[in-house]
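A.B. asks: What the sequence shown shows, in the numbering used here, is residues 1 to 231, in sequence order.
It should be emphasised that the hints constitute simulated quantities derived from the structure, not laboratory data. These numbers were taken from a predicted model, which means no experiment stands behind them. Among these hints, one or two may not hold up.
What the hints assert, rightly or not - In the SDA-like style, the derived pairs of lysine to any residue whose C-alpha atoms are separated by at most 20 Å in a straight line are:
1. K49 x E59
2. K132 x G204
3. K153 x G231
4. K132 x K203
5. K142 x S182
6. K49 x E226
7. K203 x G138
8. K172 x I158
9. K132 x K149
10. K149 x G138
11. K149 x R135
12. K49 x T33
13. K142 x F128
14. K153 x T227
15. K203 x N137
16. K153 x L230
17. K43 x T33
18. K153 x V56
19. K203 x G139
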Amino acid sequence: RLKTPAFFYYVSPDLYLIMNSGNNILVMCDAYTPAGNPIPTNKKHNAAKIFSNSKVASEEPWDHTTVVCELTKQLVVTSWMHTTRPVFTQVLASLVSMEKSCLDSGSSKSVQLRVLVLVIKSGSLDTFSSTKSMRNNGGLAKIKNAIEKLQVKHKENIAAYGEGNERRFMGKHETAYINTFSWGVANRGASVRVGRDTEKEGKGYFEDRRPASNMDPYVVTSMIAETTILG
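Generate coordinates for the entire structure from the input sequences, incorporating the hints supplied.
C.D. replies: Here it is as structure tokens:
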């Protein structure tokens, strides 16, 4: 929303996505103030700076996020797997598709944490991360080192990992306690999980289970890279 009738933003086209067999084109844009500064909600700007850092780029970081969406009435529960780099906006594109499906079916849609009186599993956007060093032989040691860095920044991470996490992290239903950092192999009740396959092979990835389902992928993936590679 513009602050005044005379206020305006500059938009810079960044990515073109063809949708629905080419009948529609979704144009993703960066938004800037008249002074050329990114607007407060343009989180991609800072993320791009972090990922373009030579030290980060040389590690060829990979991020994979699990998006869990719960829909009612005609639409079934669905989850999508996304690689957030190099195309950072795939998650948003999926939300747009979901929005269209809801409109076509007459359903309503909201993106929020799954917090119910009878909870089976709390909604999250688990983020799987790996660097070249972690994928090479001996990578497990690099993964453990990265997890130690995440532990130091736990409070800052939680603050940026989505709204309402304090209602989700209760140490139940495959969640950790919000004020306590923990990690473990194949432990879905930990803040960060290392896969059994990673432990067996001595290399691979780690899974940050703290991001909420309403998190900003730009913020989370860039924060993980900044903390584990530049930290």
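A.B. asks: Each hint should be assessed against the structure and marked as holding or not.
C.D. replies: Status of each hint after checking the structure:
| no. | hint | result |
| --- | --- | --- |
| 1 | K49 x E59 | holds (15 Å) |
| 2 | K132 x G204 | holds (9 Å) |
| 3 | K153 x G231 | holds (10 Å) |
| 4 | K132 x K203 | holds (10 Å) |
| 5 | K142 x S182 | holds (17 Å) |
| 6 | K49 x E226 | holds (10 Å) |
| 7 | K203 x G138 | holds (6 Å) |
| 8 | K172 x I158 | holds (17 Å) |
| 9 | K132 x K149 | holds (17 Å) |
| 10 | K149 x G138 | holds (18 Å) |
| 11 | K149 x R135 | holds (18 Å) |
| 12 | K49 x T33 | holds (18 Å) |
| 13 | K142 x F128 | holds (15 Å) |
| 14 | K153 x T227 | holds (8 Å) |
| 15 | K203 x N137 | holds (6 Å) |
| 16 | K153 x L230 | holds (13 Å) |
| 17 | K43 x T33 | holds (14 Å) |
| 18 | K153 x V56 | holds (18 Å) |
| 19 | K203 x G139 | holds (4 Å) |
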